[in-house]
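Each chain, letter by letter, is given below.
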Amino acid sequence: MPLFFSWFAVVVILVTGVGLLIVRDWRWSIILLAIQYFGMFILTLQHWPLGMASVKVVAGWMSAAILGMTRSGLPSQDFDEGSIWPRGRLFRLFAAGVTLLIVAATTPSVDTIMADAGFAVTGGALLLIGMGLLHLGITSHILRVVIGLMTVLSGFEILYSAVEGSVLVAALLATINMGLALVGSYLLIAENAQEVEPL
Amino acid sequence: MNAPTIWIIFPLLIALPLLLVNNQRMLSVLGGTIGVLLAVAAEFIPIELAMSVGGLSFKIESSISILGRVLTIQPTEGPLLALIYGAVALWFFGAEASKTAARLVPIGFMITALMIASIAVEPFLYAALFIEMAILLAIPLLTSIDSPPSKGVIRFLIYQTLAMPFILLAGWLLGGVEASPGDLALAAQSASMLGLGFAFLMAIFPLYNWVPMLSEEVPPYIVGFLLWILPTITIIFGAGFLDRYSWLRSSPQLAVALRLAGLVMVVTSGLFAAFQRHLARIMAYGAIAETGFSILALSLDLRLGIPILFLLIPARALGLAVWSLSVTVIKEQVETMRFSATRGVVRILPFAGAGMIIAALSTSAFPLLAGFPARLALWQSLARDSLSSALWMGVGIVGLLTGTFRSLAVISMAEEYTGWKPRESMAQRIMLGLGVIGLFIMGVFPQSIQYFLSGLPLMFEHLGR
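Residue numbers (my numbering), protein chains in the order written: chain A, 1 to 199; chain B, 1 to 465.
Hints are not guaranteed to be accurate.
Quick look at which bits of chain A chain B covers, simulated, 3 or more residues with Cβ under 8 angstroms [as the list claims (entries may be wrong)]:
(1) 12-26
(2) 59-70
(3) 102-109
(4) 162-172
Below, a sample of chain B positions facing chain A; criterion: calculated Cβ distance under 8 angstroms [to be verified]:
(5) GLY55
(6) SER57
(7) ILE60
(8) ILE64
(9) ILE66
(10) GLU132
(11) THR143
(12) SER144
(13) ASP146
(14) ILE154
(15) LEU157
(16) ILE158
(17) LEU162
(18) LEU168
Over the 12 angstroms line for every Cβ pair with chain B, so calculated as not near, a few chain A residues [unchecked claim]:
(19) PHE4
(20) TRP48
(21) MET178
Simulated from the structure, these hints should not be mistaken for laboratory data. For glycine and all other residues, C-beta sits at the position ideal for the given N, C-alpha and C.
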């Protein structure tokens with residue numbers, strides 16, 4: 001796989017990662033999550049064969065679909081973070097910029113530890129982990145929390161694919177991804193139980 | 001037939017039809033009986049040994065292969081399985097009294113099976129994946145679909161999920177350290193990763209804030225079950241790391257780090273419990289202290305520490321079961337679990353009140369109770385290594401005792417001339433009564449459980465010998 005595709009995937013991940021932080025419409029969040037999984041798929045292809053890498057993107061898209069379908073059945077409202085969370089888009093962009101700087105600074109050393117996985121692979125993975133953690137740090141909304149966790153796990157899965165090629169691990173990680181989406185759906189329905197009940 | 005099918009796959013499968021049963025009593029009895037049968041089978045049926053029953057010869061294999069990897073239950077792990085399923089049976093028998101059987105029994109079986117799979121999987125560092133699955137299954141156990149999830153549940157999900165990547169990466173890095181033992185930087189990185197992973201997984205200070213939150217918001221019996229099974233199996237998994245990597249086992253820095261982490265957990269939870277004014281949160285701090293004691297046991301010379309670690313397990317299971325059942329029963333009868341709302345509650349809930357106090361005393365190392373022998377051995381061994389550490393452990397225990405006596409004062413602070421009008425059901429009285437008797441028996445006759453515990457260290461190749 002040419003290096004160009006890897007860096008293209010990193011750009012896709014950067015755009016989706018920042019996008020997930022600043023969008024307020026849940027539909028955009030689900031779309032960006034699905035695109036993010038495509039970027040993850042390209043980076044995973046650097047170390048895994050097509051068949052196994054496809055498991056990641058299929059599981060990711062199924063997870064996004066589970067979350068999207070659940071959210072679409074709930075009363076329409078955008079993310080409301082409450083007053084204690086920093087809500088400004090400018091603040092989130094700034095935080096994303098700081099994360100990007102940290103990722104750029106740490107990528108070479110992490111790449112050395114991770115058996116020279118490749119700068120693009122390591123950078124993309126760290127970017128996802130950083131953006132996911134940032135997401136988890138500034139939100140309490142269930143859908144956002146689940147997306148944040150899935151983002152962190154995506155980054156980890158890219159890094160881990162560089163050092164581990166077990167079919168069992170791929171299967172278990174895919175199961176965990178979908179399990180996380182199902183748990184997210186369960187919690188979303190539970191959160192809106194009172195609103196949904198009259199319907 | 002093989003061991004993983006009996007003790008992992010069968011409980012997973014049996015949980016599915018149990019999900020459809022609505023009768024609390026039937027679920028509780030069925031789940032408890034299956035748990036007892038699995039425990040008895042684990043204790044008495046040998047693995048990898050040909051047996052002949054009525055002319056029929058058979059052997060239980062220790063392994064099963066799944067997707068190129070292996071689940072193995074070693075013959076030496078039989079007593080551990082017996083202990084786990086025995087304790088699970090205890091929790092399930094008590095589930096009817098706590099009115100949580102509908103969720104606890106089926107999902108509890110799945111969680112237990114996955115946690116055992118985490119000990120059985122080879123390579124063992126894949127255990128983190130099974131633990132994560134168990135965490136995901138715990139969410140429907142913790143929150144009902146009819147009510148909004150609490151903050152504690154969300155925090156539990158986040159913290160426990162973040163543990164998995166750290167442990168998997170640490171496992172891979174540890175392999176590298178084994179290949180090049182002289183690489184100190186790599187050793188430090190892998191140890192840090194491992195430490196972070198276990199800090200998230202075992203809710204080590206300061207990452208335990210979800211524990212009291214959860215105990216306040218979720219039925220205490222369910223929280224108690226999770227606070228028993230997750231840390232117990234996780235610490236055995238953690239001991240597995242020490243068993244496999246000699247450089248980790250012999251590292252003096254690791255012993256210091258474990259001691260510090262254990263002491264901070266015991267001291268902070270003791271102090272928080274001492275100043276707490278919420279009965280369920282005091283129980284949560286007791287559970288955190290229990291984890292602290294287990295970590296302290298691992299910081300000792302492992303020939304002493306491992307037997308103490310295993311001695312802590314049954315006391316923790318029974319103590320938490322009685323404590324959480326008592327708190328659940330009290331919660332049914334009062335508006336909130338705050339001190340202000342639970343004054344004099346012992347007059348209407350004498351069994352629950354006594355159960356809560358005796359279980360709390362057991363956790364606080366009160367003599368003649370189940371927790372005492374293990375804590376005494378731990379304290380003695382710790383004092384031999386470092387008097388200041390033993391003193392700090394004492395501070396934590398004093399904090400826990402203070403919280404217990406404050407609780408006792410509050411629940412017995414009834415209006416004058418208030419009569420005794422017990423409101424517990426017969427099932428609750430029987431379960432709490434038996435639990436309290438068990439706590440006394442384990443405290444007065446600690447050798448009574450030695451039969452089950454003596455073989456446990458054999459599951460490790462290097463530890464505890």
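Report holds or violated for the interface hint on B:ILE66, using the least CB-CB distance to chain A and a cut-off of 8 angstroms.
7 angstroms, holds
Count the residues of the segment 102-109 of chain A whose Cβ falls closer than 8 angstroms to any Cβ of chain B, and tell me whether that reaches three.
violated (count 0)
Evaluation of the interface hint that places B:THR143 against chain A, nearest CB under 8 angstroms
6 angstroms, holds
Given B:SER144 as an interface hint, is its Cβ closer than 8 angstroms to any Cβ of chain A?
7 angstroms, holds
Using Cβ atoms only, decide whether B:ILE158 comes closer than 8 angstroms to chain A, and label the hint accordingly.
Where the cut-off is 8 angstroms and the nearest Cβ of chain A is about 6 angstroms from B:ILE158, the hint holds.
Under the criterion of a CB-CB separation shorter than 8 angstroms, is B:ASP146 in contact with chain A as hinted?
5 angstroms, holds
Given coverage of the segment 162-172 of chain A by chain B, tested with a Cβ cutoff of 8 angstroms and a minimum of 3 residues:
Since three or more residues must qualify, the claim that chain B covers the segment 162-172 of chain A holds, with 8 doing so at under 8 angstroms.
The output says A:PHE4 does not contact chain B. Does that hold with a beta carbon cutoff of 12 angstroms?
28 angstroms, holds
Whether A:MET178 stays farther than 12 angstroms from all C-beta atoms of chain B, as the label says
The assertion about A:MET178 is violated, with a minimum of 10 angstroms to chain B.
For the hint on B:GLY55, just tell me whether its beta-carbon gets within less than 8 angstroms of chain A.
Violated, because the Cβ-Cβ distance from B:GLY55 to chain A comes to roughly 39 angstroms (cut-off 8 angstroms).
If you look at each residue in the segment 59-70 of chain A, do at least three have a Cβ nearer than 8 angstroms to any Cβ of chain B?
This one is violated; 0 residues, fewer than the three required, reach chain B with a Cβ under 8 angstroms.
Does the closest beta carbon of chain A sit nearer than 8 angstroms to the beta carbon of B:ILE64?
Interface hint status for B:ILE64: violated (12 angstroms vs cutoff 8 angstroms).
Hint compliance for this structure: hints 1, 2, 3, 5, 6, 7, 8 and 21 are broken, all remaining hints hold.
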